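Residue numbers (this note's numbering), protein chains in the order written: chain A, 1 to 307; chain B, 1001 to 1271; chain C, 2001 to 2372.
These are computed hints drawn from the structure, not numbers from a lab. Note that the coordinates shown come from a computational prediction; the quantities given were computed from them, not determined experimentally. Don't take every hint at face value.
Subject to a maximum C-alpha distance of 35 Å in a straight line, what follows is the list of computed DSBU-like cross-link-like pairs (lysine-lysine) [claimed, not checked]:
# : chain 1 : residue 1 : chain 2 : residue 2
1 : B       : 1174      : C       : 2122
2 : B       : 1174      : C       : 2181
3 : C       : 2197      : C       : 2143
4 : C       : 2119      : C       : 2143
5 : B       : 1256      : C       : 2197
6 : A       : 199       : B       : 1256
7 : B       : 1174      : C       : 2143
8 : B       : 1174      : C       : 2197
9 : C       : 2295      : A       : 199
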Amino acid sequence: MRASGKSGRRSWGARAVVRIPYVWLAIFFLVPFLIVLKISLSQTVIAQPPYVPVLDLAAGWAGLKDFAARLSFDGYELLVFDPLYLFSYLKSLEVAAISTAILLAIGYPIAYGIARCPPRLQPVLVMLVILPFWTSFLIRVYAWINILQRDGLLNDLLIGLHIVDAPVAWLSSDTAIYIGVIYSYLPFMVLPLYATLEKMDETLLEAAADLGCPRWKAFWLVTVSLSLPGVAAGALLCFIPVVGEFVIPDLLGGSETMMIGQTLWMEFFSNRDWPVASAIAVALLCLLLVPMLFYERLQQRALEGEH
Amino acid sequence: MRRGPSLFNVVSVALGLAFLYLPIAILVIYSFNASRLVTVWGGWSLTWYRALLSDRAMMEAAWASLRIAALSASAATVLGTCAAIALTRGGRFRGRLLFSGMVYAPLVMPEVITGLSLLLLFVAFNVDRGFWTIAIAHTTLTLCFVTVIVQARLVSFDRSLEEAAMDLGCPPLKTFLTITLPLIAPAIAAGWMLAFSLSLDDLVIASFTTGPGATTLPIRIYSEVRLGVKPEINAVCTIMIALVAIGTIAASLMAKRGAMRRERAALGAQV
Amino acid sequence: MVEGGGATQGQAEARRTLVRFEAVAKHFGQVIAVEALTLDIEQGEFFALLGPSGCGKTTLLRMLAGFETPSEGRILLDGEDILAMPAHRRPVNMMFQSYALFPHLTVEGNIAFGLRQEKAGKAERAERVAEMLALVRLQGYGKRRIDQLSGGQRQRVALARALIKRPRVLLLDEPMAALDKKLRAETQFELMELQRKLGTTFVIVTHDQEEAMIVADRIAVMDHGRLVQVAPPAEIYERPNLRWVADFIGEVTMIEGRLGPSGGVLDTGLGRLRVATDSSAKPGQTVWLALRPEKLRLSAGRPTAGDLNTVAGTVFEIGYRGELSIYKVRLADRSLMKVALANTGARGQASFDVDDLVWLSWPPESGVVLTG
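Could you put together the complete structure from these sequences and hints?
Pasting the structure below:
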């Protein structure tokens, strides 16, 4: 609802609508990031708050200079030189990449299947896919503990079917992490894929058939190609958060290499090392910057496309 | 014209849904299991629900979670709707790129980063952490989801209805309130519900931004779960699932009725 | 449509100008939707903006309604510049192509919407809504929801909603695009009757030239953002000012030729033709003779009367249209001429058959000489 009258003059209502969320986000989103950056450049001390230097604006310009002098890259040095962190990042990227691939492999048939069902049935199916997502994330991960634990249902089933003789330790393993991630993020993959596939024009496939293209080839050349924006959106929507996942590896994973979300948590809560935790966060953000910008571009393009 | 689903399609969807619901179904069933062990079925019983009700800490955490969720969902809905309006109707205002970046980032950002940054903000400004800091954090996190939903609805909104209202003498602000808002209300409601469940469900950000005396349900569940599977947890989870399921179904039924009416109106205009 | 006598104003009485577009232009970035044009619309007339898609007619309408701002020029309503007035304050109302009825309000709610903005009293509102419902013949439908109405009924609600505020000008944006042929014909006459009864100025945008000719007192033909001809329908049909207009409206045969030294005569590929010219064409100039198919006569033998133009040819194709047939006749120079004959013969007996040798004839004043 653009303001009336000549373009350029906005009513106070239109300005408020932009400014209010802007200010909120600036305070509670932008400023915190600057603070994280600042603390990543601080040193750890046993104090409250557990870092120096603390910015004291009352000390004026001299205070500012003193502040700048005491900034250090200790935190970042630790990240670079201690292999623990490097392995943590690599493990996170690995888990995220593999699980995204599996999510795609599983999610695409599901999304495609729903898109092919009778139109009246589709909203119901979509809601069924969304519903678990709207119940607690923690609960759903917890549900897998029930199944995967030593005396849990999966082992019961396997022993009962004589596939194994003794209970297998499913929990505290990478496998469990993968299962947990795939289970939790499936709706994030299925929904963008479905949204793209549902909009597809069936007559394009008919045209391909008319021009001599066999069904499987038409599927690849037409359907898959046209659904690539949905694939990209779903993949990014899963990959990026999984890199920083904490709950799933913490509850289902083992004590070998930790994922970066766990490392950050541990540094912060267990070691009380805020500067290092902040440095981890900053590095993680830089790592994810490119995919995030890519996702942003996709959103923008989708928004313009619908106009 | 549309070929029906093949066997492969049906099987994929069925397997997918089974995969999604099986663990939940198991959880719900075992919350009624009289026996403590998962492997032994002791018959139907409500013991764990009773135990739950007498667990004061758990009940308080649940109540706190509900209050925080309602508060942050409402704030997020207002802010998110404003943001959606700004992005779809605001044209090219100054700082639009930064604005849309800030709005969409939480959608994909790992929660540990968001949680850490907010905690550091509160510490830097010496804000006492507890109920309100969690609420603020949740609002910030969930407002982007509200924006996405409301924006999708606004983009497909028929602008000629607004033009008709203005043509008949209704000033722009009034047009928005009497014509646009009622018609996008289902999307706003859906946004509120999503924000509510995300807040109710959040563990990471709440853990970072909480303070003494403010425990949320997920934090409580998490600390108990680390010590091993407890049947009371099954009961809590079942109740939460039931609440969310009922709420979601109710909301979507309302939304569907609204959508069907609109669809019939639109179809009729082409006759 | 040309009106007969009676209580209606004759063409001879001067009408005063109600709306004036003064050197109005509209650009969308690099695209020029409307080039600087000046147009007057008179009080109480049914005015049509006619043209192909993209010619700028809808943009012009929307500028009058207030949904677009002209890049250049002014728009005057009763001598007053209305550009400063936002859409919701202009005494102009529009009937939208998609009807744009508010789905969450009833029929009454939709119609009364405009009055609510005027803060009319409850009693007055009810009275005027009832009046409108009677006017569009939807009595008793007041409490219905919009999705319960048929397409034709929705259109009437949209009309009532736009007229209840007694606007100075009613704008109609392709109002009959969604209707089938029969309903369209009925609605056209209803609109004309309504306009006559109310005396309100109607401005209709359409791409259907038949529709424009039936309903309008005057038509503005537009192409690519420019006004091509503004005149009553009869004049546009009988005396088009450009080849493009002659071709756009109705069927026509164009014959190219050179005007003879003494005027009145055209040298063409078909021989010497007698024409009636006005002063704008100069001797020796290349001009085009536009012939409407209904003005031509077909006969088996060569007509001998007076100064008729006569041309020989073979019937090439017959297009049967029910009330008339269009005969395409191939002439000596391989060109085609279109002749329209009413099917007066019982049981559609065609007067001529394909491959028949025929003679076409017409009096000199039947054709129009066009210089552009």
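- What are the numbers of the hints the structure violates, in ascending order? 2, 5, 9
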